[in-house]
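Undergrad: Residue strings, one per chain:
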Amino acid sequence: VCIHRVRSCSSIRFIKSKYVCVFDKSALKFSHQQRLFRTSAVSCGQIVQFKLSDIGEGITEVTVKEWYIKEGDSVSQFDSICEVQSDKASVTITSRYDGIIRKLHYNLDEIAYVGKPLVDIEIDASKGVAPEEDVVETPPMSHEEHTHQEIKGHKTLATPAVRRLAMENNIKLSEVVGTGKDNRILKEDILNYLAKQTGAILPPSPKAEIIPPLPKSDTVPAAPKDKARKIPVPVSRPIVFSGKDKTEPITGFHKAMVKTMSAALKIPHFGYCDEIDLTQLVQLREELKPLAQIRGIKLSFMPFFIKAASLGLLQYPILNASLDESCQNVTYKASHNIGVAMDTEQGLIVPNVKNVQVCSVFEIASELNRLQSLGSAGQLGTNDLTGGTFTLSNIGTIGGTYAKPVILPPEVAIGALGKIQVLPRFNGKGEVFKAQIMNVSWSADHRIIDGATMARFSNLWKSYLENPASMLLDLK
Amino acid sequence: MVLQSLLKNCLQLSCILRTPKAGFRSTMSGGLIIQSTSNDVYQNLAVEDWILDHMNLENRQVLFLWRNSPAVVIGRHQNPWQEFNLRLLRQKNIKLARRRSGGGTVYHDLGNINLTFFTTRKKYERMENLKLVVKALKALRPQLDVHVTDRYDILLDRQYKISGTAAKLGRTTAYHHCTLLCNADKFVLSSVLKSPYKGLKSNATPSVPASVKNLFEEDPSLTCEMLLDAIAEEYATQHQIDHHITLINPADETLLPGINNKTKELQTWEWVYGKTPKFSVSTCFNMVYKDSFLDVKVDMDVKHGRIEVCNIDLPEQWLPPALCSELVKSLTGSKFCPNETTTLATTLLRVCPQDNELHSRWNLLCENMIMLM
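Protein chains in written order, with my numbering: chain A, 79 to 554; chain B, 9 to 381.
Each hint should be verified, as a subset may be incorrect.
[What the hints assert, rightly or not] BS3-like mimics (lysine-lysine), calculated; alpha carbons at most 27 Å apart, straight line:
#1 Lys272(B) to Lys265(A)
#2 Lys202(B) to Lys131(B)
#3 Lys333(A) to Lys202(B)
#4 Lys305(B) to Lys181(A)
#5 Lys129(A) to Lys103(B)
#6 Lys202(B) to Lys100(B)
#7 Lys194(A) to Lys169(B)
#8 Lys411(A) to Lys337(A)
These are computed hints drawn from the structure, not numbers from a lab.
Throw the hints in and build the complete structure from the sequences for me.
TA: Here's what the structure looks like:
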């Protein structure tokens, strides 16, 4: 029988229940005038003061450096409670009990004393878990072959949540093999036990639905009745999914992306796509690659794409312009600072190659190498990341053919390059030949750029790349 | 069942060690000496974690020998900005690791050896371990003047530190590890272990700087291999085991199940930087812009490696106030990291008025902010 009495406006005091008589009384202390919250009116808890155990080497005081829990959290036996430090030794203090943390006796960076209370834990007496007197003194479990049998005679380690799961599914904890630390039974162990029982596949993640059912039933994959992927019929046991939603605030880099993309939304985009035959360029690059290697530079296709774009921009400078906020003036940028979208750990960054209009293909390649190595090391400077006037995104290195790229303000155009595929095409004589085909998808700001301009620019760019020798005529 | 096979592997580990000899007891003898085949600081630290969590040291203690390619290793509760030159570290491509034990900051390279003594928590005894090391050194070179101080350092010639110590105590097991300078690059060591960051206030464990010396300078005939061997010999003698060093590969998932996860965790930003105790930065810097000098005052609170509070005091109207507050708002919540701030600052530029003057002022301010990180 549990009785509650409300003492003052903010404190509630617990009264010893019948269950508690099982415990060694000397280990228990009641804390008076504790600020406590009650989540349920039914269960009775016992407040136990968990003292800081001996660190060794005669140490009497330590500094509390980090708390892993806060007041109100539930803990299981062996969960980490805090990290304390003493004279170059860092010690992880683990809980002796299952229960709820009711009070932290120290703040961060305070000195804690060995033998004095560290935290107060409310033990859920109804679960009947007997706390051990001193975890440090108990002999470690003998790691022999018959550890499994020992589980049956020993207290099974499992968190209250796991115990509940087992109870709901009518599973005896002693029959489940634990794979956690010190043979503790984890949720996965219960799920595996269930799976073995029913032969059904419990989908722990969305991916599992794509995998065909493992116990090969008599349904032939070609059977017309089962067109969609077959999901096994759930058996009487409820399917348990233990995943949880996770909410995180958007910070730093992503916040900036949100701003940029929201601004990009204001730009009326139109798209224009085309197919480029890179057969000749592929051959040219093969010839030039070793030459570049000798000079210490890795030559990809991008330098060619970038240079051809710059040559195109010389004919169609409106694509290298910027529209002001009020849409009153358009500024034609003199420099062709062509941005190259890069995928890094953080996400998308767009460094740019400055003044492509006066750079050779080799110079562009060498600058790209520099930007790429800085980008992967996370060391790009502000200068490399600002001042872009036109962008190319080589999404094809990852995959894809056509795309719908988003213009990066304050620019007015962007091109996305798909992957190079070997496809059959007809030549002038009507014969089929192997062609290296790449798709390009342009997006442009329809407020100042019209479809015809974009198409003509694209055609020019395409002709330079399909017939690289023609670039020689216009190279400055 | 993972744990059982894991334990089988531990027994296997000890079986590898046992060269069949007459009258040799099986697993009840006192010790095991293992050496890492890897020079990757994260992998090696992960091995320490793994042993701490998975091995039963009741009947057998372990000595782990390892060396790392250039890396700076900070203690569990330290502040990297306070301890060394992060910028120089990044430039020189030196790795940064945060270990799980306490203590101060050290520089590792292949000229430094690391020793980890694993015992049960009850048998944790740092002095004994260090005395063992000193005994080994004296056995190798009797003329060496080396001794252990009460701060658990080993000094050469009573003045130069050649070894620093740290320890980690878990629930049932503990380890004590220390460094030993044989032939490390002292020049890089002293230039990296000097922090240029001003205005930091924190409760993080500070390092105690000391003059160091390489054993190689005292006796050029000494090599790391000789030192490792001498220490292993002494350990074997004291624990009454074979002088046999078992090589282990810290990437071997079958021998050490779960090790790759531990290695990965040690490399995450959240561990290396995010575990820095809360600190504040309060500093001013001057900017020179077109013949005018400007004073800027910056105050930031950093928690878990992220900027919690940010305040930038600029001369009035030097930058549009809306833009300034936009910068402050974006910085709040983002990582205290130059790369993050650079991408943030440059991305924000896209959505402000396209004015060259404005852009150069903005870039100047952001460059200076980035220098603080």
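Undergrad: Are there hints from earlier that the structure breaks, and if so, what are their numbers?
TA: Hints 2, 3, 4, 5, 7 are the ones this structure does not satisfy, whereas the remaining hints hold.
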